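Visitor: Residue numbers (this note's numbering), protein chains in the order written: chain A, 2 to 310; chain B, 12 to 261.
Please keep in mind that the hints were generated in silico from the structure rather than gathered at the bench. On a predicted model such as this, the values are computed, not experimentally measured, just so you know. In this text, a Cβ means the ideal position worked out from N, Cα and C, and glycines have one as well. Each hint should be verified, as a subset may be incorrect.
Said to hold, decoys possible - Restricting the straight-line Cα-Cα distance to at most 20 Å, the calculated cross-link-like pairs of lysine to any residue (SDA-like) are:
1. B:238 - A:289
2. B:242 - A:187
3. B:77 - B:41
4. B:252 - A:304
5. B:258 - A:222
6. B:252 - A:170
7. B:238 - A:253
8. B:244 - A:184
9. A:271 - B:234
10. B:258 - A:219
11. B:156 - A:184
12. B:204 - B:78
13. A:271 - B:133
14. B:252 - A:305
15. A:274 - B:261
16. A:271 - B:223
17. A:143 - B:223
18. A:274 - B:133
19. B:27 - B:218
20. B:252 - A:310
21. B:156 - A:151
22. B:230 - A:94
23. A:57 - A:170
24. B:258 - A:196
Unchecked claim - From chain B, some residues computed to sit far from chain A (all C-beta separations above 12 Å):
25. 104
26. 176
27. 209
28. 216
29. 218
30. 256
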Amino acid sequence: MSTLVIAEHDNNSLKVSTLNAVAAAQVMGGEIDILVAGANCGAVATAAAAVPGIGKVLVADNAVYEHQLAENVSLLIAEVAAGYDNILAPATPNCKNFLPRVAALLDVAQISDITSVESADTFQRPIYAGNVIATVQSSDAKKVITVRTTAFDGVAAEGGSAVIEALDAVHDAGTSSFVGEEVVVSERPELTAASVVISGGRGMQNGENFKLLDGIADKLGAAIGASRAAVDAGFVPNDMQVGQTGKIVAPDLYIAVGISGAIQHLAGMKDSKVIVAINKDEDAPIFQVADYGLVADLFDALPELEAQL
Amino acid sequence: MKVLVAVKRVVDYNVKVRAKADGTDVDLNNVKMSINPFCEIAVEEAVRLKEAGIATEVIAVSVGNKSCQEQIRTALALGADRGIQVETEGAVEPLVVAKLLKAVVDKEQPQLVILGKQSIDGDNNQTGQMLGALANMGQGTFASKIIVEGDKVNVIREIDGGLQTVSLNLPAIVTSDLRLNEPRYASLPNIMKAKKKPLDVYTPDDLGVAVTSHITQIKVEAPAERKAGIKVKDVEELVDKLKNEAKIIS
Chain A
2 MSTLVIAEHD NNSLKVSTLN AVAAAQVMGG EIDILVAGAN CGAVATAAAA VPGIGKVLVA
62 DNAVYEHQLA ENVSLLIAEV AAGYDNILAP ATPNCKNFLP RVAALLDVAQ ISDITSVESA
122 DTFQRPIYAG NVIATVQSSD AKKVITVRTT AFDGVAAEGG SAVIEALDAV HDAGTSSFVG
182 EEVVVSERPE LTAASVVISG GRGMQNGENF KLLDGIADKL GAAIGASRAA VDAGFVPNDM
242 QVGQTGKIVA PDLYIAVGIS GAIQHLAGMK DSKVIVAINK DEDAPIFQVA DYGLVADLFD
302 ALPELEAQL
Chain B
12 MKVLVAVKRV VDYNVKVRAK ADGTDVDLNN VKMSINPFCE IAVEEAVRLK EAGIATEVIA
72 VSVGNKSCQE QIRTALALGA DRGIQVETEG AVEPLVVAKL LKAVVDKEQP QLVILGKQSI
132 DGDNNQTGQM LGALANMGQG TFASKIIVEG DKVNVIREID GGLQTVSLNL PAIVTSDLRL
192 NEPRYASLPN IMKAKKKPLD VYTPDDLGVA VTSHITQIKV EAPAERKAGI KVKDVEELVD
252 KLKNEAKIIS
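Work out the full structure, taking the sequences as your base and the hints as a guide.
Guide: Okay, here's the thing in structure tokens:
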């Protein structure tokens with residue numbers, strides 16, 4: 002059996018979510034190669050080759066793949082897929098964008114967001130916002146799968162020495178082009194990779210009050226997240242959303258501030274190791290999953306917490 | 012231009028779904044069903060394009076058994092002009108839904124197809140992208156803004172850390188994210204009017220699509236329960252517990 006893992010990267014660095022996908026591939030067994038599709042992405046290929054247990058790193062380095070446009074990258078992956086039994090990618094926004102296209106081009110199903118590999122063709126995945134775990138079996142000869150990164154501990158990033166092989170294939174579907182990007186550069190860790198996450202909900206009352214989380218985040222080296230209610234209310238941008246339709250996180254410590262604990266938020270954080278909830282409503286459902294609950298007005302508790310850390 | 016918008020009938024987002032005792036499937040008896048929230052956003056966007064004079068006709072399509080006509084009527088009440096139901100029984104996998112939609116696209120020749128980015132039952136996040144591949148169209152997934160200009164559409168997309176803008180040749184596929192718009196409530200007169208709007212029904216056979224199954228659901232079960240912990244009386248106790256009991260901060 003052979004598996005191709007699609008690298009998540011930004012042309013400069015290999016993202017750790019790739020290491021989670023490799024971990025899932027290892028559970029499936031067999032040989033594992035990594036595909037890097039990008040432009041001027043040599044550094045990513047070098048990093049991928051250092052991952053232990055990888056046979057080959059295939060690199061498609063061309064301007065048409067620079068922004069990993071789904072239309073172009075999916076054509077490339079579908080072509081390379083001919084030589085593999087499984088195509089795996091981390092369930093990141095980027096890979097979720099192009100991988101279903103690959104599955105459709107190959108005329109197979111995609112199995113999204115697996116949390117466990119039961120056997121070569123059987124997997125577990127959460128459905129209904131994680132209220133139910135489904136065990137599903139694929140009858141496709143070739144399996145296209147996205148991996149929930151929090152469910153698999155990433156493999157080591159160093160120690161391997163895979164062969165790097167350049168691919169010449171240039172696929173330009175000609176249906177889309179990149180116009181621009183506005184990415185907020187933050188000093189803080191990424192939400193999905195942070196060991197501590199502090200999130201605010203509707204109880205924060207407005208976007209300005211999210212600054213109350215800054216000091217605590219600085220002291221704990223935490224990423225800052227938000228509930229869907231806070232995003233819906235326009236307090237903060239959508240990429241901060243933790244939940245069913247936002248980011249799935251599982252840090253060592255998750256602090257929920259002014260978050261009631263709607264089903265769809267819990268879906269995004271309930272696998273955190275330690276959960277702290279601060280809410281003035283003692284009946285808030287968030288307390289049912291919190292290891293430590295503090296019933297308090299967040300406007301009193303946050304400055305106090307910052308001072309005591 | 013013609014806009015096709017896909018809608019799915021799903022369990023209402025307020026319902027906490029449970030697995031059946033025998034673990035064969037989720038228990039959907041007597042559960043409130045609604046239009047998938049992301050599909051509702053897709054319908055709203057299509058209707059706004061019509062109100063802005065960009066779209067000339069909005070067609071709402073759903074794949075499912077007869078009861079999904081309710082959700083098509085909801086879309087019609089929100090402002091879609093006519094409906095199409097593709098009659099299927101039981102669960103239909105995203106790949107098959109995408110093939111059925113592709114057949115509808117071939118029939119209707121819309122310039123823009125808007126879908127929800129994911130449905131809140133299967134949480135697959137696949138159908139729009141698959142339709143894009145099958146129809147060989149460009150896609151703007153996880154859209155927070157759509158700007159139609161001539162024979163192109165610019166889509167502002169939610170990505171990790173911010174926003175990305177892509178330009179797509181029409182016809183194109185867009186999947187809606189949460190912030191694309193805030194859907195309106197259907198007014199009573201519009202709900203009444205929706206009942207009279209045309210709704211065509213096709214079978215997969217009519218569309219020349221075979222309903223295949225690639226995935227078998229072996230069992231469903233409740234996730235491992237997380238036990239509630241303790242309540243602390245103040246911030247001081249909280250910090251103490253985190254340092255000395257959980258040993259998670261120093």
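Visitor: Take the hints in turn and mark each one as holding or not.
Guide: Evaluated hints:
The hinted pair formed by residue 238 (chain B) and residue 289 (chain A) meets the criterion: a straight-line CA distance of about 7 Å does not exceed 20 Å. Restraint check for residue 242 (chain B) and residue 187 (chain A): the C-alpha separation of about 33 Å exceeds 20 Å, so the hint is violated. Pair hint residue 77 (chain B) plus residue 41 (chain B) holds up; C-alpha atoms about 17 Å apart against a cutoff of 20 Å. Simply put, residue 252 (chain B) and residue 304 (chain A) have alpha-carbon atoms about 18 Å apart, close enough for the 20 Å limit, and the pair holds.
Among the hinted pairs, residue 258 (chain B) with residue 222 (chain A) is consistent with the structure: their alpha-carbon atoms are about 16 Å apart, no more than 20 Å. For the hint pairing residue 252 (chain B) with residue 170 (chain A), the CA-to-CA distance comes to about 56 Å; that exceeds 20 Å, so the pair is violated. Proximity of residue 238 (chain B) to residue 253 (chain A) is assessed by CA-CA distance (about 16 Å); at most 20 Å being required, the pair is judged to hold. Annotation: proposed proximity of residue 244 (chain B) to residue 184 (chain A) is violated, straight-line Cα distance about 40 Å (limit 20 Å).
Distance restraint check for residue 271 (chain A) and residue 234 (chain B): the Cα-Cα separation of roughly 10 Å lies within the 20 Å cut-off, and the hinted pair is therefore satisfied. A distance of roughly 19 Å separates the Cα atoms of residue 258 (chain B) and residue 219 (chain A); the hinted pair therefore holds under the 20 Å criterion. Restraint check for residue 156 (chain B) and residue 184 (chain A): satisfied, since their Cα atoms lie roughly 16 Å apart, inside the 20 Å limit. With a C-alpha separation of about 19 Å, the suggested pair residue 204 (chain B) and residue 78 (chain B) falls inside the 20 Å cut-off, and the hint holds.
Annotation: proposed proximity of residue 271 (chain A) to residue 133 (chain B) holds, straight-line Cα distance about 19 Å (limit 20 Å). The hinted pair formed by residue 252 (chain B) and residue 305 (chain A) meets the criterion: a straight-line CA distance of about 15 Å does not exceed 20 Å. For the proposed pair residue 274 (chain A) and residue 261 (chain B), the alpha carbon gap of about 16 Å is at most 20 Å, so the pair holds. The straight-line distance between the Cα atoms of residue 271 (chain A) and residue 223 (chain B) is roughly 35 Å, outside the 20 Å bound, and the hint therefore fails.
In summary, the hint linking residue 143 (chain A) to residue 223 (chain B) is supported, as the alpha carbons are separated by about 16 Å, within the 20 Å threshold. Note on residue 274 (chain A) and residue 133 (chain B): the hinted pairing is violated, with a Cα-Cα distance of about 26 Å set against a maximum of 20 Å. In summary, the hint linking residue 27 (chain B) to residue 218 (chain B) is not supported, as the alpha carbons are separated by about 36 Å, beyond the 20 Å threshold. The hinted pair formed by residue 252 (chain B) and residue 310 (chain A) meets the criterion: a straight-line CA distance of about 12 Å does not exceed 20 Å.
Under the criterion of a C-alpha separation no larger than 20 Å, the hint pairing residue 156 (chain B) with residue 151 (chain A) is inconsistent with the structure, at around 30 Å. Distance restraint check for residue 230 (chain B) and residue 94 (chain A): the Cα-Cα separation of roughly 28 Å exceeds the 20 Å cut-off, and the hinted pair is therefore not satisfied. Of the supplied pair hints, the one linking residue 57 (chain A) and residue 170 (chain A) holds, its CA atoms being roughly 17 Å apart against a limit of 20 Å. A threshold of 20 Å between alpha carbons decides the hint, and for residue 258 (chain B) with residue 196 (chain A) the separation of about 13 Å falls inside it, so the pair holds.
Look at residue 104 (chain B): its CB is around 6 Å from the nearest CB on chain A, not clear of 12 Å, so calling it non-interface is violated. The non-interface label for residue 176 (chain B) is inconsistent with chain A: the shortest C-beta to C-beta separation is roughly 4 Å, within 12 Å. No beta-carbon of chain A comes within 12 Å of the beta-carbon of residue 209 (chain B); the shortest separation is about 30 Å. At the 12 Å boundary, the C-beta of residue 216 (chain B) stays outside the reach of chain A, the nearest C-beta of that chain being 19 Å off.
Against chain A, the non-interface label of residue 218 (chain B) holds: every CB pair exceeds 12 Å, the least being about 17 Å. With a least CB separation of 9 Å from chain A, residue 256 (chain B) falls inside the 12 Å interface cut-off, contrary to its annotation.
Taken one by one, the earlier hints fail for this structure at numbers 2, 6, 8, 16, 18, 19, 21, 22, 25, 26, 30, listed in ascending order.
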